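Numbering-wise, the first sequence is residues 1 to 643 according to the UniProt record's numbering.
Do not rely on the hints blindly, as some may be mistaken.
Cβ pair distances, simulated, as ranges [to be verified]:
1. V29 with Q6: 50 to 60 Å
2. T204 with V29: 40 to 50 Å
3. D469 with L9: 29 to 39 Å
4. G371 with G293: 43 to 53 Å
5. G371 with K422: 50 to 60 Å
6. D537 with M265: 21 to 31 Å
Cross-link-like lysine-lysine pairs, in silico, PhoX-like; alpha carbons within 20 Å at most [unchecked claim]:
7. K123 with K99
8. K592 with K506
9. K334 with K360
10. K592 with K527
11. K16 with K505
12. K538 with K505
13. K505 with K517
14. K506 with K19
15. K488 with K517
16. K16 with K289
17. K189 with K223
18. K223 with K162
19. K19 with K527
20. K533 with K505
Worth flagging that the hints you see were computed from the coordinates, not collected in a lab.
Nothing here was measured: the structure is a model prediction, and the numbers come from that model.
All residues carry an ideal CB built from backbone N, CA and C; glycine is no exception.
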Amino acid sequence: MNNRRQHCLSMLRICKTLKAIKQIHASLVTTGHHTDPFFAGKLLLHCAVTISDALDYARTLFLHFPNPDVFMYNTLIRGFSESGTPQNAIFTFMDMCRKSVDPPDSFSFAFVLKAAANYRSLKDGIQLHCQALRHGLDTHLFVGTTLISMYGECGSVQFAGKVFEEIRQPNVVMWNAIVTACFRSGDVKGAQKMFDRMPVKDLTSSNIMLAGYAKAGELELAKKVFLEMSLKDDVSWSTMIAGFAHNGCFDEAFGYFGELQRVGMKANMVTLTTVLSVCAQMGAFDFGKILHGFIEKSGFSWIISVNNALIDTYSKCGNVGMARLVFERMPDKKSIVSWTSMIAGLAMQGHGEQAIQLFKEMEDSGIRPDGITCTSILYACSHAGFIEQGCAYFSKMMDVYNIEPTIEHYGCMVDLYGRAGKLQKAFEFACKMQIPPNDIIWRTLLGACSIHGNVELAEHVKDKLSELDPNNSGDHVLLSNIYAVAGKWKDVATVRRSMTDQKIKKTPGWSMIQVDKFIYSFVAGEKPNEITKEAFDKLREIMLRLRVEGGYVLEVVSVLHDIEEEEKEDSVSKHSEKLAVAFGIARLCKGKVIRIVKNLRICRDCHTFMKLISKVYGLEIMVRDRSRFHSFSNGSCSCKDYW
DNA sequence: TTAGGGTTAG
Numbered sequence: 001m002n003n004r005r006q007h008c009l010s011m012l013r014i015c016k017t018l019k020a021i022k023q024i025h026a027s028l029v030t031t032g033h034h035t036d037p038f039f040a041g042k043l044l045l046h047c048a049v050t051i052s053d054a055l056d057y058a059r060t061l062f063l064h065f066p067n068p069d070v071f072m073y074n075t076l077i078r079g080f081s082e083s084g085t086p087q088n089a090i091f092t093f094m095d096m097c098r099k100s101v102d103p104p105d106s107f108s109f110a111f112v113l114k115a116a117a118n119y120r121s122l123k124d125g126i127q128l129h130c131q132a133l134r135h136g137l138d139t140h141l142f143v144g145t146t147l148i149s150m151y152g153e154c155g156s157v158q159f160a161g162k163v164f165e166e167i168r169q170p171n172v173v174m175w176n177a178i179v180t181a182c183f184r185s186g187d188v189k190g191a192q193k194m195f196d197r198m199p200v201k202d203l204t205s206s207n208i209m210l211a212g213y214a215k216a217g218e219l220e221l222a223k224k225v226f227l228e229m230s231l232k233d234d235v236s237w238s239t240m241i242a243g244f245a246h247n248g249c250f251d252e253a254f255g256y257f258g259e260l261q262r263v264g265m266k267a268n269m270v271t272l273t274t275v276l277s278v279c280a281q282m283g284a285f286d287f288g289k290i291l292h293g294f295i296e297k298s299g300f301s302w303i304i305s306v307n308n309a310l311i312d313t314y315s316k317c318g319n320v321g322m323a324r325l326v327f328e329r330m331p332d333k334k335s336i337v338s339w340t341s342m343i344a345g346l347a348m349q350g351h352g353e354q355a356i357q358l359f360k361e362m363e364d365s366g367i368r369p370d371g372i373t374c375t376s377i378l379y380a381c382s383h384a385g386f387i388e389q390g391c392a393y394f395s396k397m398m399d400v401y402n403i404e405p406t407i408e409h410y411g412c413m414v415d416l417y418g419r420a421g422k423l424q425k426a427f428e429f430a431c432k433m434q435i436p437p438n439d440i441i442w443r444t445l446l447g448a449c450s451i452h453g454n455v456e457l458a459e460h461v462k463d464k465l466s467e468l469d470p471n472n473s474g475d476h477v478l479l480s481n482i483y484a485v486a487g488k489w490k491d492v493a494t495v496r497r498s499m500t501d502q503k504i505k506k507t508p509g510w511s512m513i514q515v516d517k518f519i520y521s522f523v524a525g526e527k528p529n530e531i532t533k534e535a536f537d538k539l540r541e542i543m544l545r546l547r548v549e550g551g552y553v554l555e556v557v558s559v560l561h562d563i564e565e566e567e568k569e570d571s572v573s574k575h576s577e578k579l580a581v582a583f584g585i586a587r588l589c590k591g592k593v594i595r596i597v598k599n600l601r602i603c604r605d606c607h608t609f610m611k612l613i614s615k616v617y618g619l620e621i622m623v624r625d626r627s628r629f630h631s632f633s634n635g636s637c638s639c640k641d642y643w
């Protein structure tokens, strides 16, 4: 019997797929061991916990087992608690209380409380707490710790505190749990107090403080703790990098990465994915390439998450070819994140057909899309003008893949109709949504009204926005631009006045360009300096050449005021991306691709301008705007003028 | 205790 047990265990150890699990199950049935609690328990554990997609099979196994013991109940609860449907863990737990001969133990409570925490159900959490109390397990170290975590996740720091104070001698894990719970509930001061009270602090406790401060945006406090730490590990460093990156302080995030290397600490895979995501957000292509080289050399290139980050980085830095190369190189190891990143990357570049083709390949290879994959394919359709395909994917998502649409999916659909000029359809769709439309939905529609010049609907939509997000400067500017295009100058003035009255400031546009090792940024309306003077001089020269050789005429519709034509020209010609591209032409070597990152969307005039430069100067220009890429070459753009 | 894919707009 012992030999058989050993054999079964070693079989399970090497078993990685559901198919292999089924074979082991079949062999247990032939020998009659499938009803033995030992074998059944181990098999169940493997299905419910170890293998990622075998939870349904675990449930079937469980249901066919005549008298499941506590271990089997706990295993199924554990599997469900980490799944997409943690509520099932609660149902299994209730079933256990009703039917099982043995009562739930500390493990049952630890797992089921984790489930309540995972879907943030305070109501279920409290009921489970009462049950734990009834069984005398509420002060058990494991159960108590999960109770604290659960209350923290559910935002109830008071209850977490009450549980904590009941424990006579909390260990360090429990202290960490109460500090985390405070941070989770947004109680930074409480976390600080608890941290000060801790009798013993280990490295983990300090790391929790770093992460908590950083997530709360308290970067100075995080820095202080970091400096005071006598011992720092790789987690401390990557927490700092991620913390600064999350708060938009990319330079400092990079700084910590440099410092980490200087002190001789080794970057782990989390650090690398974090730094890559900073590159992606900044559009820092050259640095991304250096990191890629480092990853290859240091043996991280087989890790799925690192590859996913590389795909995303290359995509967001405009090199979809390199992204594709990384993607193709991971044949059996693509995760749903890999597929989604690649589809989104293609979509951002305006390669709608290729995105759809890849989605098909994914389906053919038996991979099920998740909600985010569906958002990406809908995004691809809306940005390529594929209305029918977009609608078909939306239906397929619900009917075939059983995915409930979220606000993001609805957003894509409103964009799909709106961008294509079907404004009425877009409006009706927004009104009929299963969830209440948020500001983004209405803003999408306002953007569509701007593209297609529909003043009446724009005013109606702006009213909705004024209820949901009244101080958003972009909405005011957009409405003002819509009026300006329609020549309604009185209305333009009214919007302008209300912006001044409410102290709403227009976000200035900026563009960045890297030349050699430096990043230069150009901000609309900033004071002239040496760099901008150089850019302006070059820009004047370029404009002249484009007028003569390319027949360029400024498009000046999208300017706020009713001002003289000449002044409008001046305003449009100052757009930051024009200055950045002029600077690039002045400073970069011939033949080098000009890469620009911009914070807002590119305007129609700048778009025409870039197309002409690419033709007249024989250059390749890449502009990453707020939401996508424009690759200009030989007089045309990859977005096919649809954006 | 750290990370990684998604909707809009200025």
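Against the structure, the hints come out as follows:
1. V29 with Q6: 50 to 60 Å: 20 Å, violated
2. T204 with V29: 40 to 50 Å: Distance hint for T204, V29 holds at roughly 45 Å.
3. D469 with L9: 29 to 39 Å: Once the Cβ atoms are compared, 58 Å apart, the range 29 to 39 Å for L9 and D469 is violated.
4. G371 with G293: 43 to 53 Å: 34 Å, violated
5. G371 with K422: 50 to 60 Å: 25 Å, violated
6. D537 with M265: 21 to 31 Å: 46 Å, violated
7. K123 with K99: 23 Å, violated
8. K592 with K506: Roughly 34 Å between the alpha carbons, so the hint for K592 and K506 is violated.
9. K334 with K360: 15 Å, holds
10. K592 with K527: 29 Å, violated
11. K16 with K505: 57 Å, violated
12. K538 with K505: Violated, at roughly 30 Å.
13. K505 with K517: 33 Å, violated
14. K506 with K19: Violated, at about 59 Å.
15. K488 with K517: Measuring from Cα to Cα gives roughly 47 Å; hence the hint is violated.
16. K16 with K289: Violated. K16 to K289 sits at ~34 Å, over the 20 Å cutoff.
17. K189 with K223: 16 Å, holds
18. K223 with K162: 31 Å, violated
19. K19 with K527: 67 Å, violated
20. K533 with K505: Judged against 20 Å, a Cα distance of about 26 Å means the pair is violated.
Consistency with the previously given hints fails for numbers 1, 3, 4, 5, 6, 7, 8, 10, 11, 12, 13, 14, 15, 16, 18, 19, 20, ordered from lowest to highest.
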